[in-house]
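Chains A and B, in that order, give the protein sequences.
First residue of the first sequence: 734, per our numbering; consecutive thereafter.
First residue of the second sequence: 734, per our numbering; consecutive thereafter.
Just to be clear, a hint being listed does not mean it is correct.
Which copy? The list can't say, so a pair holds if one copy fits it or any two copies do.
Below are the DSSO-like pairs computed for lysine-lysine, each with C-alpha atoms no more than 30 angstroms apart in a straight line [to be verified]:
(1) Lys1206 to Lys1280
(2) Lys947 to Lys932
(3) Lys988 to Lys1288
(4) Lys932 to Lys1280
(5) Lys908 to Lys1206
(6) Lys1206 to Lys1284
(7) Lys1288 to Lys1140
(8) Lys908 to Lys988
(9) Lys934 to Lys1206
(10) Lys932 to Lys1261
(11) Lys1261 to Lys1206
(12) Lys1206 to Lys947
(13) Lys1288 to Lys932
FYI, nobody ran anything at the bench for these hints, they're computed from the structure.
Just so we're clear, the structure is a prediction, and the values are computed from it rather than from any experiment.
Protein chains: 2
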Amino acid sequence: MGLNQVEKILPGARWLRGYTAQFFISDLIAGITVGLTVLPQGLAYSTLAGLDPQYGLYSAFIGGVVYALLGGCREVTIGPTALLALMTSRHTGLGGVSGPHLAVLLCFLSGLVELLMAFLRLGALVDLISLPVTVGFTSATALIIGASQLKGLLGIQGSSGDSGFLSTISYVISKFHELSPTDALLGVGSITILLILRKLKDIKTPENASNERKFFGGLLWLISTARNAILVLFSSLVAYHAHQNGQMPFILTGKVRPGLPEMHLPPFETSFPLSNGTVVEMGFIDMVSELGSSIALVPIIAVLGNVAISKAFGGTGVDATQELIALSLSNIIGSFFSSIPVTGSFSRSAVNHASGVRTPIGGIYTGALVLFSLGFLTPYFPYMPRAALSAVIISAVIFMIEYEVVKPLWRCSRRELLTVALTLILSLCVSVEIGLISGVFLDVAFLVQRTARPVLTFDHCETESRVEYMMVKPRHSLLCFPAVEHVRNGINRAIQVREKFTNLIVFDCRNVQELDYTAAKGIGSLKKELENRSIHLILLGPSDDVKLVLKGSLKGNNVQHVDNDNELDNIFQELTSHRNELKEIVAPLLEQKNDDDITIMNATSIRK
Amino acid sequence: MGLNQVEKILPGARWLRGYTAQFFISDLIAGITVGLTVLPQGLAYSTLAGLDPQYGLYSAFIGGVVYALLGGCREVTIGPTALLALMTSRHTGLGGVSGPHLAVLLCFLSGLVELLMAFLRLGALVDLISLPVTVGFTSATALIIGASQLKGLLGIQGSSGDSGFLSTISYVISKFHELSPTDALLGVGSITILLILRKLKDIKTPENASNERKFFGGLLWLISTARNAILVLFSSLVAYHAHQNGQMPFILTGKVRPGLPEMHLPPFETSFPLSNGTVVEMGFIDMVSELGSSIALVPIIAVLGNVAISKAFGGTGVDATQELIALSLSNIIGSFFSSIPVTGSFSRSAVNHASGVRTPIGGIYTGALVLFSLGFLTPYFPYMPRAALSAVIISAVIFMIEYEVVKPLWRCSRRELLTVALTLILSLCVSVEIGLISGVFLDVAFLVQRTARPVLTFDHCETESRVEYMMVKPRHSLLCFPAVEHVRNGINRAIQVREKFTNLIVFDCRNVQELDYTAAKGIGSLKKELENRSIHLILLGPSDDVKLVLKGSLKGNNVQHVDNDNELDNIFQELTSHRNELKEIVAPLLEQKNDDDITIMNATSIRK
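Next up, chain A with everything else stripped away, as it sits in the complex (with noise of 0.2 angstroms):
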C-alpha cells in the first residue's frame, strides 16, 4: 500500500511526505511551547467546568494526536476552551459530584453529532451565526467566565448555588468583606504580571540588531509565551515551600488523581449522591435528557470556533467536511480517555503558528507532553493556589470582549448593534444558549423581514411613440410569499397619487431572479384586480424561470410580458388603438361589478 493510498484514508499521512530534520525541530519546538500553554489552561479550564484539574489534561492530548491524522491545517489545535467547559459545567454541578460521567458523555455525543453534520453537510449551520451575534455572544462568555473566576481570584469561599452571572456577581459583592488578602493579591498580582508578560512579545527586534540583542528578543518571547506556565510553576513553588513550612497563605487546587487516564467506553450510565445523602441513579436515557440541548449547541459552539480558525490560518485550501470529521474524531476517541469536549483553540493556535509550525504532527509532541505532566508531575499540582489558575483564565478571557465593533456598527448598521445587545443580555441574564438563538432568531426575522418588504420605484415614463405608463420596479431580486401583499398594495397605492393618468402599468421583473407560487398568484390576481379597473398589467423582461413559474401557476390567466421596450412600444400602441373599443366593452362590465362573480372568483384565487 503506497502512501498515495493511505493518504485517502489518513490524509495526516501526507506530512510525512519530506518530513525532514528541520521540521521535526521546528514542529518540536511549537508543540513544546502550545504544550506549556495548554497545562496551565487545561487545569485552570476543567476547574471551570466543575471538575477536578486532570480532567482538563485528559481532554488535551487526544486531540492533537487525531488531528495530526486526520486535520488539514497545520496551526490548527484541538483541546479544551473556555466557551466549552463553561458550556459544561451546567451537567457538573447536580449534588456536588455527578461530575465527570456527564461530561464524558456529552463529549461522545458532540462527536457523534458532529459526524452527522459532517455526513448531511451541515456545517452550513455556522453560516447562520453572523458576526454581531459572535461578537454579542463571545463578550457573554467572556463576561460570565470572568465573573466565575472572580471567587477563586479573591480567594471568597462557598458558593452562591447559581452559576448565572448576575448571581455570581451579587454573591462576591456581598461577600467582598471576606475575601483572604493573600489569595486576592496573588490573583491580582498575577493578573497584572500576566498583562504585563503578555506585551512583552510585541517588543520588536530590530532586522539588523546584533546577535545577543536577538537572543534576548527571543527569550522574551518565550517568557511572553509561556507565561501562564510560568506563573502557575513559580506560585506552586512558594505554596510548596510554604506548606512544608507548615503554612497554608493560599487556597489551593486539592487532590488530583495521579497517572494517565484509563481507556474504557464512555459512560452510558451513572450515579452520585445528592447533598442530602440520597443515591440517584441515571441511565441512559436520563443523562441524554438532562444534557438535553447541549448535546446539538455544543457541537455548533465548536464547529464554529474550529471553522472560524481553520479558514483564518488555513486560507483557501481548507476542506471543510475533512475539518469537521477531524473534531468529530477528536472528542468521539477523546471520550474513550475521559475528555470533556474540545475543539480548536484560537489563542493556542495562534501561539503554534506564531512558533513557527510546520505540521500538525506538533501537536503530538504538545500530547506528549501533557501525558508525561499527568505520568510524573500530578503529585505536584495539588499546590497549585487557585488563585493564580483563575488569573490565567481571566487574563485569557479579557481579551474576547469585543467593545470594539460598536463603533463601527453604531456608524453604519445600527440595527445590528441591536443583534449585539438581545445577544449579549440574554446569554447574560438567561443563559449562552438562549442568548445564541435568541440573536440568530432575530438577525433572520430581518432577513425575512428585508425579503418581505421589497423597496419599489414607480416612475412615469414614456414610450417613444409617445405612449405614458407607470413603471413599477421592485429594488430586490427575489419575490416570494411574504411580499406579496406589500407589493400589491404598494401599486394600488401608487395608483392612487399617480401624478398624470394612464392605465398602463409596467412591472419590471428583470431584476427578479426567483418567484414563488404564492408571488406568481398574486400578480395574477392583481392583474384581474387591475383589469376590472380596466388598468393594464405588463411584466417586463422576466427571466426563462419566472416566466415558467407564471405559467405553471397562473394556466389560462397568464400576464403579458414582453422583453424589451421595443415590444412594449409595440404593445401599447394596439392597446392605445383599441382603448376606445375597449373603454365600450369594460364600462359596462364595471357598472355591474356588484352583481358579478368577477370578483368572487378573483378572491378565491388571492388567498384561497
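Assemble chain B onto chain A, guided by the hints.
Below, chain B alone, put in the same frame as chain A:
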C-alpha cells in the same frame, strides 16, 4: 355631533348615508339568506367544537352587529367557522364537561390578542403564511373535520378517546359493523342531497328568459343557498314526527338550553367534574396555561381568514387595521354573550355577496334572525338528527381540500410541494398548530437558504484597453451574513479553475442593494486574502448605502471601488503599468508568508 364625527368613532355610520329603502330591502334579503346558512352551520360547528348546539348560535349574532358598526367591507360576515370550532374543540373535552368556560375565555383572549395585533401592526404576520402552507393546512383541517363527523354520520356510538385524525379514522373502521343503518342512510343521503342542491345554483337562467323562468331560476338559487336549513328542518320534522309516535330512528342532538344568552363577564375561573367524579377547580392562570398556544394561534388563523375575505371582496379599499379592530371587538364583545372564537366565514361571505348585500347592515338582520331562532325555535332543536348536522359539515368542508394545486406546483415549483406535504402530514398526524408552524418554518428556511446561497456568475472580460479581468456577479440583491462563506468559496474556486490567468477580479455590486456588517467584513478579509496572493479585488458600482457600510466596517482596510467601466479601465491601466514593480514587491512577501503575521491579522478579522 355631525355624521362626520360619528364616523370617526364608528366607521360603520357611513353606511347610513343615503341608506335608501332599496338598500334596506337588499340587505334584508341577503341578511336572511345568510341567516339560513348560519343557523344550521352554527348548530353543527358548536357540536364540532364539543359544545351544546346553542353556543354556535350565541356566536352567530354579535359579529354581524359589531361588523356593521366598525367594518369596511359589505360582504364580510363574522361568525363561527369550522376551522376555529376545531381549534376550540381541543379545550372543551377535559373530563367531559369542562366545555363552554374555556371556549368562551379563549374567545375573549383571542379578541384581546387581535386588538394587540392591530395596535402593534402585527397583522403582517399572516404574510408569513404562504399559499402552499395555507393549502396544506386547510386541506388537513378539512380532512380532520370530515373524519370527526364520520361517527355522527354513520350513527356510531362511543368515542376513540383521542380526537386525532388517524385514531378517529381507525375507531370508525373498527366500529364500522356497529353503525346504525337509519342514521347512516340519513347521513349519506343528506350529503348526496346537499351536493345535488349545491349544483342547482350553477344553472344559469338566460338573460332573455320569461318571467316565470326567471322566477323559477330564482327559486332554485334560493333552495340551493338555503339547502342546509332545508335539510335540517326537514330531517328534524321527520324525527319529531317519529318521536311523537314513540319511535327513535335517529340519534338526536339532545337538550338545548332555550332562550337568549345571558350577558355576563367572560369566565375567569371554572370548575368541572372529571369522569371519576372529582371536581377540578381552575383559576385564571390554570385556564390560560390550559389554553396555551391557542391564545396566539387562534387569532392568527382568524386574522388569516378575515384578511383573505376582506381582500377578496373588498379589493383595495379595505383598511387592514380597521378590519382587525372589528374582528377583535366581535370576539371581545361576543365573549360577554358566551360566544366561541369567531372570524369571517368565506362560504357565508360568498352567499352574502351573491345575495346582493349592499352594506354590512345586512349582518344586523342576520343577527336578528339568529336571536329570533334562539327565542322561539330552541324547543325544536333537540329533534335535529346528528347525522344531518354531520352531513352539513362534511359537505361544507370537502371543498376545502385543495388537490388541484398539486399539478401546477409539480410543474413549476416542486420544492413548494414539500411545504404542502409537510404541513398536511404534520397537521394530520400531530396537530394543526404544529403543521402550520412547521410549514412556515420550512418556507422561512428556504427563504434564508436562498439568501445564503446567492447564484454567482463568473465571466472572463476585457476592458476597452484590452486589460483582462474576471467579473464576479451575484444574482441576488441581498448580501448578508449567511452568504459570506459561499461567496468567498465561490470566488476562490473560480480563481482555481479560471481559463486564463488574470490577477484582477471585479465584484459587480450594481445589483447589490443591501450589505450587512458581516458581509462587509467578509469582503474586507477576502480582499486581504487575495492581496496575499497578489490578486486585486475591485468593487464595481456599489450604491451609496453599500459604500457607507463598507467604509464604516473596514475603516483603514477599505476596498477600492469604481462607478463605471471607464473608471475601471483607468484603474487597470495604472495597476498594469505598475505590475512589474508590484511583482517585485509582492514576490518576496509571498516567500516569507509562512513566518509572517499577515495571515493572523487576516484571520481574526474573518470571524473573530
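- Message: Name the hints, by number, that the structure is in violation of.
- Response: Violated hints: 3, 4, 5, 9, 12; rest satisfied.
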